[in-house]
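**Q** Residues per chain are reported as follows:
Protein chains: 4
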Amino acid sequence: MTKKLNVGLIGYGFMGRTHSNAYRRVTNFFDVPYEPVLQVVCGLVEAEAKAFAERWGYKSHTTDWHKVVEDENIDVVEICVPNNLHAEIAIAAAKAGKAICCEKPLALNVPQAEQMVKAVEESGVPNLVSFNYRRVPAVTLAKQLIDEGRLGKIFHYRANFLQDWTISAKVPQGGMATWRLDIKAAGSGVTGDLLAHCIDTAMWHNGPITDVCAMTETFVKERMHAETGKVEPVGIDDACTFLCHYDNGSLGNFESTRYARGHKALYTFEINGEKASIAWDLHDLHRLSYFDHSDQSIVRGWRSIHVTDSDMPYMDKWWVPGLQIGYEHTFVHQVAEFLQNLAEGKSTSPDFREALATQYVCDAVLTSAKNKKWETVKKP
Amino acid sequence: MTKKLNVGLIGYGFMGRTHSNAYRRVTNFFDVPYEPVLQVVCGLVEAEAKAFAERWGYKSHTTDWHKVVEDENIDVVEICVPNNLHAEIAIAAAKAGKAICCEKPLALNVPQAEQMVKAVEESGVPNLVSFNYRRVPAVTLAKQLIDEGRLGKIFHYRANFLQDWTISAKVPQGGMATWRLDIKAAGSGVTGDLLAHCIDTAMWHNGPITDVCAMTETFVKERMHAETGKVEPVGIDDACTFLCHYDNGSLGNFESTRYARGHKALYTFEINGEKASIAWDLHDLHRLSYFDHSDQSIVRGWRSIHVTDSDMPYMDKWWVPGLQIGYEHTFVHQVAEFLQNLAEGKSTSPDFREALATQYVCDAVLTSAKNKKWETVKKP
Amino acid sequence: MTKKLNVGLIGYGFMGRTHSNAYRRVTNFFDVPYEPVLQVVCGLVEAEAKAFAERWGYKSHTTDWHKVVEDENIDVVEICVPNNLHAEIAIAAAKAGKAICCEKPLALNVPQAEQMVKAVEESGVPNLVSFNYRRVPAVTLAKQLIDEGRLGKIFHYRANFLQDWTISAKVPQGGMATWRLDIKAAGSGVTGDLLAHCIDTAMWHNGPITDVCAMTETFVKERMHAETGKVEPVGIDDACTFLCHYDNGSLGNFESTRYARGHKALYTFEINGEKASIAWDLHDLHRLSYFDHSDQSIVRGWRSIHVTDSDMPYMDKWWVPGLQIGYEHTFVHQVAEFLQNLAEGKSTSPDFREALATQYVCDAVLTSAKNKKWETVKKP
Amino acid sequence: MTKKLNVGLIGYGFMGRTHSNAYRRVTNFFDVPYEPVLQVVCGLVEAEAKAFAERWGYKSHTTDWHKVVEDENIDVVEICVPNNLHAEIAIAAAKAGKAICCEKPLALNVPQAEQMVKAVEESGVPNLVSFNYRRVPAVTLAKQLIDEGRLGKIFHYRANFLQDWTISAKVPQGGMATWRLDIKAAGSGVTGDLLAHCIDTAMWHNGPITDVCAMTETFVKERMHAETGKVEPVGIDDACTFLCHYDNGSLGNFESTRYARGHKALYTFEINGEKASIAWDLHDLHRLSYFDHSDQSIVRGWRSIHVTDSDMPYMDKWWVPGLQIGYEHTFVHQVAEFLQNLAEGKSTSPDFREALATQYVCDAVLTSAKNKKWETVKKP
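Residue numbers (my numbering), protein chains in the order written: chain A, 1 to 380; chain B, 1 to 380; chain C, 1 to 380; chain D, 1 to 380.
Just so you know, the hints here were simulated from the structure itself, not pulled from any lab data. Quick caveat, the model's predicted, so the values are computed rather than measured. Treat each hint with caution, since some may be false.
Identical chains share a label here; the pair holds if one copy fits it or two copies do between them.
In silico SDA-like cross-links for lysine to any residue, where the CA-CA straight-line distance does not exceed 20 Å [to be verified]: (1) K50 x D31; (2) K170 x S294; (3) K372 x T210; (4) K59 x R24; (5) K372 x P126; (6) K153 x E274; (7) K95 x P126; (8) K153 x W165; (9) K153 x G124; (10) K317 x W165; (11) K95 x K118; (12) K372 x R25; (13) K4 x S289; (14) K275 x G322; (15) K264 x S304; (16) K170 x E274; (17) K184 x V32; (18) K230 x W179.
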């Protein structure tokens, strides 16, 4: 008989929904060793927490995250709150012996991230950071193709993450909907929010980053704070571009901005190897572009692989060939593996330590931009 | 307090999964007047029915569909079995006063379909036929653009539905996995299975079809029967192409085949109007192509609309701009509207009578192909 | 030393320009056995003929085509006038022993076309009909892939030719710019003008067409005549769609219209074979889409072949990989082969007899549409 | 009567062909004030120069470029030789009072480029540097859209130029076919060859570049010299990526490499403005992607503008809507404007001084890469 696993969710925003949905769906599609039970959701506004609990089937709600962490009945703590709260909650949860799934980026900054790693490693709790894009089937397929050696020596790994939602100077900062624009809540702008995804996937695909040289910009210098109504300086980076070297000798080029008119969530990457190349973008996430130089020359061309067949990563669990899945399924994949590993007492990749490596890169990027110099990246 | 609605599912195949998933998810995303309760699933093989019930949370299972239809506790009957069983079950369910959601095509043939319409209309039960592709947000948006008059007079409406899964002569006919190739279970080949979708959407977008002229082909003449192991003649149409006129004076061109190498489920349509054109395909279902002749000439071009913003049909219920949904969501949309209408005692479009119109077109298409003549389409 | 070849051009319209350009360029890129000399251009309006001669380097001009045909100095007659003049000029040129390159479609109708074939075959003059799209490198590559057996048995060959330039009822018929809308000058509408291209390429790729069933429509029933100013009934087909069988057992589906808003010259075809499929369109003529089922499944997808490498048909003559050529180059390829064959006294494919086969299909299509019946296609 | 203009071409390689073709074609399509006469071609190997002269219609040939420059009969000198010869020839031609069209990049390095500017400005000869991609109609259209203010404030201008032809270590350096890999002949690798194009267009579109920070790499460290057969160190940059600021406050990100498997000549740019965005790539050069935020939200999307209509830049000179032109036409456009300006004694943009600005950027890029520091760009 499948064991129950009691889940406590902290944060009922956008990420709270994606994580709840993942727990609600995983057993319908994946054979997992636990039956997740949504025990409690925690959030700032009680009425909203209550409504969220009802909609998603949480048995109770609270406005005090300590109650979740300290609840003996809870097996897993899901951290879906703004970045400035990750460290405190995660460390408390680790001390309380809870398994932890924490939203990305791991922390506000490197010192917090290091403490978090220390906490989970000392307590030995299984942990995971929700860099969900690794588990888009096409992105996982890219990893598989690289690991099989199909690309040969890699020369270039480029990634962009382009949005356009903050172009208007009327968008406020702070508050529940726009905390990502508030340096206190977010720690950084696009670097921690968007480039962290690109960096996590890039290092998973292509190995560690050696050094970086970055440029950041804040196009809108002041914004009203959503809670206080006061106009305050904007502390985050609206845009960030950086060059890098990888330890394997390849070159990297990353760019993220929230000022790329026409793009909502256009995360793209392209990898150029000696023998083959790969490209992908989040706006058509179910496709992978692949160029194989070993094809006969007159029929050689970029292939658009519709990643829906049952031999593609994760796709045997879903529908039939030709029928695409979407964004939310990445969280289901993540939870499925998290549950599998939990049963063996193991963490799931990327765990806190891996996420620390990404935090080191982000930190080096921001330092480089500030100092206008190349920075060597610390290794975890 | 939300009322419970007891659901009985007949058929645990591919469609049984999509319908179950829709009921499991709808309350998390839509505000509906009922809380669906998955009461019973019915299927041929008891062990499989039991496993399905466990995976999807049905309280019980059975191998006798009469028990579902006759169960006083059941409010809604979901018919997800091969086409040859639709009529008998639906008529029994109608007589038992159940609301009905029936998979497409409505029936094996016109006489059955007419009896089914009669049954639901005499009993007055709310009913729905699951032509789910109407509720792809991009397809619904197309309907909205047409209704707003943006296309002006329509000249052409083309649709294709291309697959490639039966090219091998080793694919059997009959049985649970391949009943769609068995004329007795399916009634026809691509016409009822695939073109029925295209025809339903086309008439929803562009109004009734007047007359048709069709060509069908069966490329593989004999296949082994999956259950008997005997090689038998193939009775279905492997491919079907037809010309038609619409009542509004526009021209239609439809093609479906399971012999289009490289396409898994490539349902496409293109509509050419005096002022604008629209194109869409199921392999990138979250995009709508739109050409507006009123654009200034030097910046005029086909627009690729990424149908993910919250002002797009259904999309306020899901995630954030740029993040796509997939195939299965169409069934959630369908169930959300079905439940809303149920609370008002109404059927949901396309109901049995609308589906009968599609059956008339399919019937005329098959007759035309047989007789090699134009056929006038009967109207419901 | 290269021999001179004296060319006489009849018709200085759009096609007169493409043919002149081809003769002016061919020796720069291809090694041909003749040096073409542009001797005389003939057209209706003397001032325009004179200006054309000056721009393109013709030594003289005339308004009487008989003078071109009867000129002993002329080796080749290029026929670039409206369709109703093809037969008379071609027959006269054949009798005068001239090599002939005639614009498509071969003639107004089948009787004319048969007389033209008779004339060139009796006189033995080398001849060519300018179905130029065969010589788009990507289209030629498609032929090569088919001939190599890469597609296996072919199931489907679809082609469309979509335009939108006559949607406005204010576009006149007749005259020099719009003779294609005048039934007397053009013989038919989209069938002879556009579908003739599709049919020629289709039979080149996929063999003879057995029978057809067509539907035509004239959306705008009356138009002003450009020369008389009188409003007259429109005699041409604005749109034509037809089904067909090929002798090899595959199915065809063709559509052409000048009422497809958003498409200027969107000639497309797709071929589905047992082992592979091919697709192409004229709006990106330098690309060929190719799907090879023998690719390993996890990296299988439609390939977009950028047909610019030097091992692609004709491309060794042009620039370097990655740099595309355009529409006009098809005429250069055609002339290069015409000159090569001339030196051996041979006709160039498609010659008049091959073009007669296309004329038979067009004739059957128009008859079928008129009679609303399937028509068997006559073979040349 | 049109005046004759005597042209002397130095260099019969790839660029010699594109320039010759442009002169041969320009009068057929454009109304220009001169009739160009191809007088003499100069190249290293006499037999090849002779063959080139015959193919392209040059009246004579020579192996000594001084004879071209000093020939009183020559009006225009076309410089199509490796970069290390540009300065000497251009300065001599300027002193001899010839109009000059010089291939890009202007020079091996900044000191040479400054001398060349001085020479043409002192002598007052009309001059032009052949950054031909400005005159792709879609690229010119982009300039027009920017100048009309449609993009509003610009935030980002990204460009890439990706090739893959030098991945094999067996490709030699030096010699006539591969001088671009020889530091002595080329001055740099991708920076001068490919990024120079991107930089020229970027500054034309978006104004001057303020400062840069670059990274270069030489993946293959040694190559055989094509002439000597000796293996020598490779001095060029195989890849170069740089960040920059523009004077208008926008951010730039450029990358070029010859190690991007699958790309032959993939020059791309994307411009993100407050109100609209633009994207383009050379592999489909006849299309411009355009996103206009002022479109109504439910029909907003990236537009693919097929730049073939007669109201598009240059396109009234060519064929009819829907029919694309190719790479070589950019040189025809360039020559048409060069001839127009010559008649008025004016230089054509980009002239030597504008090209010097690009040279300053390239120089700063290479210095930055060497010193691993940001570099301020000198202004001409």
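**Q** Look at each hint and say if it fits the structure.
**A** Against the structure, the hints:
Taking the closest pair of Cα atoms, K50 and D31 come within 20 Å of each other only across two copies (15 Å); inside a single copy the shortest separation is 30 Å, beyond that limit. For the identical chains of this complex, K170 and S294 are inter-copy neighbours only, at 17 Å across copies versus 52 Å inside a copy, given an alpha-carbon limit of 20 Å. In this assembly of identical chains, K372 and T210 lie within 20 Å of each other by CA distance both inside one copy and across copies; the values are 17 Å within and 14 Å between. In this homomeric assembly, K59 and R24 come within 20 Å of each other (Cα to Cα) both inside a single copy, at 13 Å, and across copies, at 17 Å.
Neither within a single protomer nor between protomers do K372 and P126 lie at most 20 Å apart by alpha-carbon distance, with minima of 39 Å and 42 Å respectively. For the homomeric pair K153 and E274, the shortest alpha-carbon distance inside one copy (5 Å) is at most 20 Å, but the shortest distance between copies (36 Å) is not. For the homomeric pair K95 and P126, the shortest alpha-carbon distance inside one copy (12 Å) is at most 20 Å, but the shortest distance between copies (56 Å) is not. Only between protomers do K153 and W165 lie at most 20 Å apart by alpha-carbon distance; the minimum there is 16 Å, versus 38 Å within a single protomer.
Within a single copy, K153 and G124 get their C-alpha atoms no closer than 37 Å, and across copies no closer than 52 Å, so neither meets the 20 Å cut-off. Proximity of K317 to W165 under the C-alpha cut-off of 20 Å is restricted to the inter-copy arrangement: shortest distance 19 Å between copies versus 34 Å within a copy. For the identical chains of this complex, K95 and K118 are intra-copy neighbours only, at 11 Å inside a copy versus 67 Å across copies, given an alpha-carbon limit of 20 Å. With identical chains, the CA atoms of K372 and R25 are never at most 20 Å apart, being 47 Å at best within one copy and 50 Å at best between copies.
In this assembly of identical chains, the alpha carbons of K4 and S289 never lie at most 20 Å apart, being 41 Å within a copy and 47 Å across copies at closest. When the C-alpha separation of K275 and G322 is checked against a cutoff of 20 Å, the pair qualifies only between copies, where the shortest distance is 18 Å, while the shortest distance within a copy is 28 Å. In this homomeric assembly, K264 and S304 come within 20 Å of each other (Cα to Cα) only across copies, at 13 Å, whereas the closest approach inside a single copy is 22 Å. Within a single copy, K170 and E274 get their C-alpha atoms only as close as 47 Å, which misses the 20 Å cut-off; across copies the closest is 14 Å, which meets it.
Taking the closest pair of Cα atoms, K184 and V32 never come within 20 Å of each other, the shortest separation being 38 Å inside a single copy and 39 Å across copies. For the identical chains of this complex, K230 and W179 are intra-copy neighbours only, at 15 Å inside a copy versus 62 Å across copies, given an alpha-carbon limit of 20 Å.
Of the numbered hints stated above, those contradicted by the structure are hints 5, 9, 12, 13, 17, listed in ascending order.
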